[in-house]
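Chemist: Below are the chains, spelled out letter by letter.
2 protein chains.
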Amino acid sequence: MVPVADKKESFVTEITPRSEDFSRWYLDVVRRAELADYSPVKGCMVIRPYGYAIWEHIQRLLDARFKATGHVNAYFPLFLPEGLLMKEKEHVEGFAPQVAWVTRGGDEDFADGQRLIIRPTSEVMIGTMYAKWIKSWRDLPVLINQWANVVRWEKVTRPFLRTTEFLWQEGHTAHETAEEGEAETLKILGLYKEFAETELAMPVIDGLKSDSEKFAGASRTYSIEALMGDGRALQAGTSHNLGQNFAKAFEIQFQGRDKTLQHAWTTSWGVSTRLIGGVIMTHGDDSGLVLPPHIAPYQVVIVPIPRGDWKQTVLPAAEAIASELGAKGVRVKLDASEENSPGWKFAEWELRGVPLRLEIGPKDIEKAQVFSARRDTREKAAIPLADLAARVPALLEEIQANLLARARVFREEHTTEVATWDEFKNAMEGRPGFVIAAWCGSADCEAQIKAETQATLRNIPLGSPRVDGQCVKCNGASHVKAWFAKAY
Amino acid sequence: MVPVADKKESFVTEITPRSEDFSRWYLDVVRRAELADYSPVKGCMVIRPYGYAIWEHIQRLLDARFKATGHVNAYFPLFLPEGLLMKEKEHVEGFAPQVAWVTRGGDEDFADGQRLIIRPTSEVMIGTMYAKWIKSWRDLPVLINQWANVVRWEKVTRPFLRTTEFLWQEGHTAHETAEEGEAETLKILGLYKEFAETELAMPVIDGLKSDSEKFAGASRTYSIEALMGDGRALQAGTSHNLGQNFAKAFEIQFQGRDKTLQHAWTTSWGVSTRLIGGVIMTHGDDSGLVLPPHIAPYQVVIVPIPRGDWKQTVLPAAEAIASELGAKGVRVKLDASEENSPGWKFAEWELRGVPLRLEIGPKDIEKAQVFSARRDTREKAAIPLADLAARVPALLEEIQANLLARARVFREEHTTEVATWDEFKNAMEGRPGFVIAAWCGSADCEAQIKAETQATLRNIPLGSPRVDGQCVKCNGASHVKAWFAKAY
Chain A
1 MVPVADKKES
11 FVTEITPRSE
21 DFSRWYLDVV
31 RRAELADYSP
41 VKGCMVIRPY
51 GYAIWEHIQR
61 LLDARFKATG
71 HVNAYFPLFL
81 PEGLLMKEKE
91 HVEGFAPQVA
101 WVTRGGDEDF
111 ADGQRLIIRP
121 TSEVMIGTMY
131 AKWIKSWRDL
141 PVLINQWANV
151 VRWEKVTRPF
161 LRTTEFLWQE
171 GHTAHETAEE
181 GEAETLKILG
191 LYKEFAETEL
201 AMPVIDGLKS
211 DSEKFAGASR
221 TYSIEALMGD
231 GRALQAGTSH
241 NLGQNFAKAF
251 EIQFQGRDKT
261 LQHAWTTSWG
271 VSTRLIGGVI
281 MTHGDDSGLV
291 LPPHIAPYQV
301 VIVPIPRGDW
311 KQTVLPAAEA
321 IASELGAKGV
331 RVKLDASEEN
341 SPGWKFAEWE
351 LRGVPLRLEI
361 GPKDIEKAQV
371 FSARRDTREK
381 AAIPLADLAA
391 RVPALLEEIQ
401 ANLLARARVF
411 REEHTTEVAT
421 WDEFKNAMEG
431 RPGFVIAAWC
441 GSADCEAQIK
451 AETQATLRNI
461 PLGSPRVDGQ
471 CVKCNGASHV
481 KAWFAKAY
Chain B
1 MVPVADKKES
11 FVTEITPRSE
21 DFSRWYLDVV
31 RRAELADYSP
41 VKGCMVIRPY
51 GYAIWEHIQR
61 LLDARFKATG
71 HVNAYFPLFL
81 PEGLLMKEKE
91 HVEGFAPQVA
101 WVTRGGDEDF
111 ADGQRLIIRP
121 TSEVMIGTMY
131 AKWIKSWRDL
141 PVLINQWANV
151 VRWEKVTRPF
161 LRTTEFLWQE
171 GHTAHETAEE
181 GEAETLKILG
191 LYKEFAETEL
201 AMPVIDGLKS
211 DSEKFAGASR
221 TYSIEALMGD
231 GRALQAGTSH
241 NLGQNFAKAF
251 EIQFQGRDKT
261 LQHAWTTSWG
271 VSTRLIGGVI
281 MTHGDDSGLV
291 LPPHIAPYQV
301 VIVPIPRGDW
311 KQTVLPAAEA
321 IASELGAKGV
331 RVKLDASEEN
341 SPGWKFAEWE
351 LRGVPLRLEI
361 GPKDIEKAQV
371 FSARRDTREK
381 AAIPLADLAA
391 RVPALLEEIQ
401 ANLLARARVF
411 REEHTTEVAT
421 WDEFKNAMEG
431 RPGFVIAAWC
441 GSADCEAQIK
451 AETQATLRNI
461 PLGSPRVDGQ
471 CVKCNGASHV
481 KAWFAKAY
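Residue numbers (my numbering), protein chains in the order written: chain A, 1 to 488; chain B, 1 to 488.
To be clear, the hints were calculated from the coordinates, so they are not data collected in a lab. Since we're looking at a predicted model, the values are computed, not measured. Glycine included, C-beta positions come from ideal geometry on N, C-alpha and C. Hints may contain errors.
[As the list claims (entries may be wrong)] When the alpha-carbon atoms are kept at most 30 angstroms apart in a straight line, the in silico DSSO-like pairs for lysine-lysine are as follows:
| hint | chain 1 | residue 1 | chain 2 | residue 2 |
| --- | --- | --- | --- | --- |
| 1 | A | 187 | A | 89 |
| 2 | B | 311 | A | 259 |
| 3 | A | 333 | A | 311 |
| 4 | B | 367 | B | 328 |
| 5 | B | 328 | A | 328 |
| 6 | A | 135 | B | 42 |
| 7 | A | 311 | B | 135 |
| 8 | A | 311 | B | 67 |
| 9 | A | 67 | B | 363 |
| 10 | B | 486 | B | 214 |
| 11 | B | 259 | B | 248 |
| 12 | B | 67 | B | 187 |
| 13 | B | 328 | A | 42 |
| 14 | A | 87 | B | 87 |
| 15 | B | 67 | B | 155 |
| 16 | B | 333 | A | 333 |
| 17 | B | 89 | B | 135 |
| 18 | B | 333 | A | 89 |
| 19 | B | 363 | B | 328 |
| 20 | B | 259 | B | 87 |
| 21 | B | 259 | A | 248 |
| 22 | A | 135 | B | 214 |
| 23 | B | 425 | B | 214 |
| 24 | A | 42 | B | 425 |
| 25 | A | 132 | B | 333 |
[As the list claims (entries may be wrong)] A few chain B positions that, by computed beta-carbon distances, are all more than 10 angstroms from chain A:
| hint | residue |
| --- | --- |
| 26 | 138 |
| 27 | 230 |
| 28 | 261 |
| 29 | 328 |
| 30 | 386 |
| 31 | 453 |
Construct all of the structure, not just a fragment, from the sequences and the given hints.
Modeler: As C-alpha cells, then:
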C-alpha cells in the first residue's frame, strides 16, 4: 500500500490509489471512511454508523417512492420450513446450494424434513401467506414490500457487494392479469432507475436479463446495471415477473370476475446494501469517498480556522452558520474539535466524501464570507455570509447534478459497440466497460462469450429496436443487441 | 366464541367479548384487525401491513428521540459464533437454553465449536466490535442503536407479546465512568416512559428490577411496566446498566485521561413489537382495537353516505375533505367502496381502531357540515365544514389525551397497597392489578410470593422513598415498597 498524501498538507490518508489497485482502494475506503468493518463471523460485515446513515437515506428515499405508488410494508418470518423451499422446482435449484440451515432450537434437535432455512429471499413464505389471504379478484392487487435481512452462503465476500448476510427490500405483488403483473414489474424497474439516477447520481441501463441470468423461478427478470470506476458492471437492482409459476406452486388462487378460479400473477423485486458499494465505486477517487448530497450523512462540513481569539469570534459565527443551514434542512457537521488541525480535518472529511466544505477564519469574518470547497470538482470559492442560506442548497444540487453528468460521460466513454468477435475480445481486454453486440439469443453463445472473456450479458435495454444482423459469437441470425460487461 | 353484533346495525364482528375471555378477545382482535397472522413456522408471526404501519410509527417516533439524544444507528450481524456467547458467564446461562443454532451453511456442516447462534440479543457481538473500535477516552461515549430482528426459542407464543422471532431496537453504549453509564441507563428509561405515555397513551411505572428479574449479565436492570385491560402487567421496555461486566468479558478497554488502561462502562436497552400488544390490551374494547392517534395508520376515516346522486355531490365533498386534512398532515382513509354499506364500514373501522370517523351525506352537504364519531368515547357531533381543518387535529389530540387519562384512571383503580400477606393474597385473587407491598429484598420471599400467587415483582419505582417497615411475606425488616402483579 502506498500512502497517499495531500501534498500541501502532507497528511497521510492511507488509501491505495484507485489506478494502482481498484479492489484494494475499495476496501481501504470502506475501512477508513468507517462505512463497514469485518465481524467475527466469516462473510458477515458490521455496517458502521457512517455507512448505515447512507443506508437510512436510501431507505427513506426509496420507501417514499414505494408508498407513493401504493405499496405498503409488512414483515414475514426469517425462517422458512425446508419443505416450502422445495415447492417451486427452479427456485429450489437456484437457492438450495447457498442457504444456511437451522437444525436446533432451544434444547430440541429438529428431525429431517423439519429443519428451517434462513430466508435467502421470501417468495415461498410470502406466496404461502398470499394463498391464505387472496380469495377474490377484489383482494387484488396485493402490493407489499418488506425491509429485511437475508442470508446467502457465499464463498467469496466483499463488504456491501457480496456478503453472507445483507440488508435489502423485497417487494412481492400479486395481480389479476398477466398484463398487470408485467406492468408492475416494469413500473418498479423504472422506479429503481429514477431513484438510482436522481438520488445516487448513478446512471443505469434498464433492460431484460437473458434466460440464463434470470431469477430462479421467474418468467422474466429485468435489471438496472451501473458501470463502476474500474469499468466493471454492477447489477444494482432486479425486478422479476414471476408469471403464474409461484402462484401455481403455492396455490395463490382467486375467484375472477367471471366466477372462475384463477391463479394470480406475481412479481418480486429488490435492491440491497449493495447500492452503497455502487455509490463508492461510481463516484470515489484517490482521496476517498465522494458522496452524492442526497444520501450524504453530512452534506456540509464546517471547519473553523483556529487563529487568535477564534473561540470568541470564529466559533460563534460557525455555530450560527450551522444552525442557519440546519434550519434550511441541510445536514451539517461542525467540526470544532481541537485535537486536529484544519488540514487534517480537510483530508478526513474529503475521505469521508462530504460534498461541500466551508472554512471560516478570522479574515473571513472581517470580509463577512466563508470559503467553500466542493468535493467533486475541488473548486474553491468565497461565499458572502448573506448568500449562504440560498447558495448552499443550490450548490448541493449542482454537485448532485454534476456527479450524475460525470458518471454518464464516464459510461459513454466506456461503452463500445462491436461488430465482430475479434472486436469484442479486444474491447474486453483493451479497456473495460460495456460492450454492445448483436446476439442470436442462444445460451450457448452467451456461455462461450463468458468462458472466453469473463464478460456476461448484463441486459438487453428496454426499448431496444429490432435490428437484424449476425450474432457476434456464432454469426447466426440476430435480432437484438445486448450489453455485455465483466461484472461484480 | 360469541359473535358480537352492533345491535342497531346487526353486523357481526366475530370478536369474543373482552369480559368473557380476554385472551381470546386479544387473538380475535389481532386476527380480525389484520395486525398479524400465523406463519408456517411455529412461533413466528407475520406482521401484516396494518400492524406493520403501527410499528413504523413507533420506529419513527422513537428513532427521532434516539437521534435527538445523540445516538446513531448501525447494523451488526445476525449470527454469533458460539464461542462469543460463552464469554460472559451469567449471560450465557440466561440465553443458552433459548437460542436457535445454525449448523450448516451451503454444502458445509460446521464442526462443533464452529456453530453459529442466531442473536437473541447482541451484547456479545457489539462488545467484540467495541473492543476493536474504542482505544482512548476520546472515543467515548459510543452511543449506537440497532433496529433488528432477534430470535429466542419460546415454547408458548402469542402474537406480538412473545414470539420466536421479533423485531426490536437494541441500544448499546459505552462510557468513560460508572456515573455516565448509570446516567445513560436512566436517560433511556426516562425516554421510554415519555415515549410510551406521549405516543402510545400508555402510562408506565419506571423503576428498578429485582436481582432475580434482571437481564442476564447486567449490574442493574430498570423497566417500564404497563397495566393491561385484564389487570396483568406488561414489561414494556428495559434499560440495563451492564457495569464493567461485558467490558471485562470482551476486553473493551481504553486509555483514560490519566493514561491508565481502563475498562469501559456499558449499557444496553430495548423495546420491541411487544409494544403493539401493549397498545391493543391497554386501549381496546369489545368492538376491537382503539388506537392512539399518534401511532394510528389512519387517524381519520371518512365514510360517505351513498344516497341519491351521492357520486356527484357527496363523493367530491368527501374527497375535498380528505385532501384538505391530508394537507394538514392528518392520515386519512376515504372509504368510498360500494361493496359495503356505511354500517358495515362503521363496524369495520371501529374494529380497526381508527380514532375518528367522519360521515358525510346529502343532508350534511346542505348544512355544510360533517358528522363525527370518536372511537374512544363514541361521542358524536356535527362539525361545520369551515372548522374541519382546525377542529380535526385538535380533536385527535383530545382523543390522545383522553386515552392516556383513561388508562391512568384504570391503573389507579387497579393498584392496591397492602400491609399483610392475607391482604396481598386477597388483592391478587379478588381483582387483578398492581399490588404495592413492603419487601425485605430477599429473593426467597420474592420466589415464595410468585409460587403462591403467580405475582412477580415488577419493579421498585424510581424515587421511591425509604420506608421502614415489615416485609409482606416474611415480616422481616423492609426499607422499600415494591410493585407486584401477575404479568405477561
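Chemist: All the hints need checking, so say for each whether the structure fits it.
Modeler: Taking the hints in turn, this is what the structure says about them:
| no. | hint | result |
| --- | --- | --- |
| 1 | 187/A to 89/A | 27 angstroms, holds |
| 2 | 311/B to 259/A | 28 angstroms, holds |
| 3 | 333/A to 311/A | 17 angstroms, holds |
| 4 | 367/B to 328/B | 23 angstroms, holds |
| 5 | 328/B to 328/A | 21 angstroms, holds |
| 6 | 135/A to 42/B | 24 angstroms, holds |
| 7 | 311/A to 135/B | 28 angstroms, holds |
| 8 | 311/A to 67/B | 27 angstroms, holds |
| 9 | 67/A to 363/B | 35 angstroms, violated |
| 10 | 486/B to 214/B | 17 angstroms, holds |
| 11 | 259/B to 248/B | 18 angstroms, holds |
| 12 | 67/B to 187/B | 13 angstroms, holds |
| 13 | 328/B to 42/A | 50 angstroms, violated |
| 14 | 87/A to 87/B | 41 angstroms, violated |
| 15 | 67/B to 155/B | 36 angstroms, violated |
| 16 | 333/B to 333/A | 40 angstroms, violated |
| 17 | 89/B to 135/B | 25 angstroms, holds |
| 18 | 333/B to 89/A | 41 angstroms, violated |
| 19 | 363/B to 328/B | 26 angstroms, holds |
| 20 | 259/B to 87/B | 27 angstroms, holds |
| 21 | 259/B to 248/A | 68 angstroms, violated |
| 22 | 135/A to 214/B | 47 angstroms, violated |
| 23 | 425/B to 214/B | 25 angstroms, holds |
| 24 | 42/A to 425/B | 54 angstroms, violated |
| 25 | 132/A to 333/B | 25 angstroms, holds |
| 26 | 138 | 7 angstroms, violated |
| 27 | 230 | 27 angstroms, holds |
| 28 | 261 | 20 angstroms, holds |
| 29 | 328 | 19 angstroms, holds |
| 30 | 386 | 30 angstroms, holds |
| 31 | 453 | 28 angstroms, holds |
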